[in-house]
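What the sequence shown shows, in mature numbering (1 follows the signal peptide of the UniProt record, and there is no 0), is residues -20 to -1, 1 to 90, in sequence order.
Keep in mind the hints are simulated off the structure, nothing from the lab.
Careful: at least some of the hints might be erroneous.
[Stated by the list, open to error] Below are the SDA-like pairs computed for lysine to any residue, each with C-alpha atoms no more than 25 Å apart in a straight line: (1) 5 / -7; (2) 61 / 72; (3) 45 / 56.
[Claimed, not checked] Taking CB as the label site, the calculated pair distances span: (4) 49 / 13: 51 to 59 Å; (5) 68 / 29: 54 to 62 Å; (6) 69 / 29: 52 to 60 Å; (7) 34 / 4: 42 to 50 Å; (8) 66 / 44: 27 to 35 Å; (9) 15 / 54: 54 to 62 Å.
Computed from a predicted model, the values in this text were never measured in an experiment.
Here a beta-carbon is modelled for each residue, glycine too, at the ideal position from N, C-alpha and C.
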Amino acid sequence: MKKNVLALLAFGLFATTVNAQETVKQEAKNVGTAIEKGAKATEKGVKNGAEWVGDKAKKGAKATKKDVKKGTKWVGKTATKGAKSVEKTAVKGADAVADGYKDVKSDLKK
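Start from the sequences, fold in the hints, and give me the full structure.
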């Protein structure tokens, strides 16, 4: 009877150990699967993020190019207007100097 109880206890201990090993094995497999899924999700997220950054960089470059072109046109127009204004002022100034010279010359002759 004592042998039967010891044999039964030994079998119970063996069954518990085998069951524990299977549980640990299954948990390890679950962890590995979760890590794999996480790695794939991270890879996909990084790829999508890189594509998004690339798209935004392209759009930003196009917008910058467009705005620089507009700015250049504006500077050109403003410079042209300024040059015309300076030219008109210079002509008026030259005419005023010429008139002043003529007035002084005529005053000296008198």
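Subject >> List of violated hint numbers, smallest to largest >> reply: none
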